[in-house]
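Student: Counted the way the working numbering counts, the sequence shown spans residues 1 to 135.
If you are wondering where the hints come from, they were derived from the structure by calculation, not from laboratory data.
Fair warning: there could be bad hints in the mix.
Computed list of lysine-lysine pairs in DSSO-like fashion (alpha-carbon distance at most 27 Å, straight line) [stated by the list, open to error]:
#: 1; residue 1: 2; residue 2: 35
#: 2; residue 1: 111; residue 2: 121
#: 3; residue 1: 111; residue 2: 2
#: 4; residue 1: 129; residue 2: 111
#: 5; residue 1: 117; residue 2: 35
#: 6; residue 1: 2; residue 2: 117
#: 7; residue 1: 35; residue 2: 66
#: 8; residue 1: 111; residue 2: 35
#: 9; residue 1: 129; residue 2: 2
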Amino acid sequence: MKITDLRMETYRWDRTVPIRNGMYVYPTSGLNVVKVETDEGITGIGLAGGVQGAEEIGSVILDHFKQFVMGQDPFDTERIWDAMWQPKLVGRRGITTRVISGIDIALWDLKGRAVGKPVYKLLGGFADKVPVYIA
Numbered sequence: 001m002k003i004t005d006l007r008m009e010t011y012r013w014d015r016t017v018p019i020r021n022g023m024y025v026y027p028t029s030g031l032n033v034v035k036v037e038t039d040e041g042i043t044g045i046g047l048a049g050g051v052q053g054a055e056e057i058g059s060v061i062l063d064h065f066k067q068f069v070m071g072q073d074p075f076d077t078e079r080i081w082d083a084m085w086q087p088k089l090v091g092r093r094g095i096t097t098r099v100i101s102g103i104d105i106a107l108w109d110l111k112g113r114a115v116g117k118p119v120y121k122l123l124g125g126f127a128d129k130v131p132v133y134i135a
């Protein structure tokens, strides 16, 4: 199995009440969805966060990372992640980290779909209950 496509889809919607702070107003909310496709027709989906006004930057960074992802075996998540994480021209903070995370999440989702198991099982999950707390 080889990775044949990597893309980001952006979804935006108006907030009922804009979020404001001392410097900015955020009138919209949204999600950047990363999709990784394979030659076997399996697609993994990951979220790369939603940064207002950063869609174009995120897409450019995603295009930069294609060189490390395209043609690779999606089960080699650690190798792919390491190649993307090495110090590069695009840095390792902010939007870059969100894009790397979205790709990584999509790869794990793809692996789960390929073997027919939820990702928590691939990671060794066993708990029937999850502790809840208020932070």
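Student: Hints first: check each against the structure and report whether it holds.
Tutor: Status of the hints after comparison with the structure:
Annotation: proposed proximity of residue 2 to residue 35 holds, straight-line Cα distance about 14 Å (limit 27 Å). Proposed proximity of residue 111 and residue 121 is supported: the alpha carbons are some 11 Å apart, at most 27 Å. As the CA atoms of residue 111 and residue 2 are separated by approximately 12 Å, the hinted pair is consistent with the 27 Å bound. Restraint check for residue 129 and residue 111: the C-alpha separation of about 24 Å stays at or below 27 Å, so the hint holds.
The straight-line distance between the Cα atoms of residue 117 and residue 35 is roughly 19 Å, inside the 27 Å bound, and the hint therefore holds. Taken as a hint, the residue 2 and residue 117 pair is honoured in the structure, with Cα atoms around 19 Å apart against an allowance of 27 Å. For the proposed pair residue 35 and residue 66, the alpha carbon gap of about 12 Å is at most 27 Å, so the pair holds. Using a Cα cut-off of 27 Å, the hinted pair residue 111 and residue 35 holds, with the two alpha carbons roughly 13 Å apart.
For the proposed pair residue 129 and residue 2, the alpha carbon gap of about 36 Å is over 27 Å, so the pair is violated.
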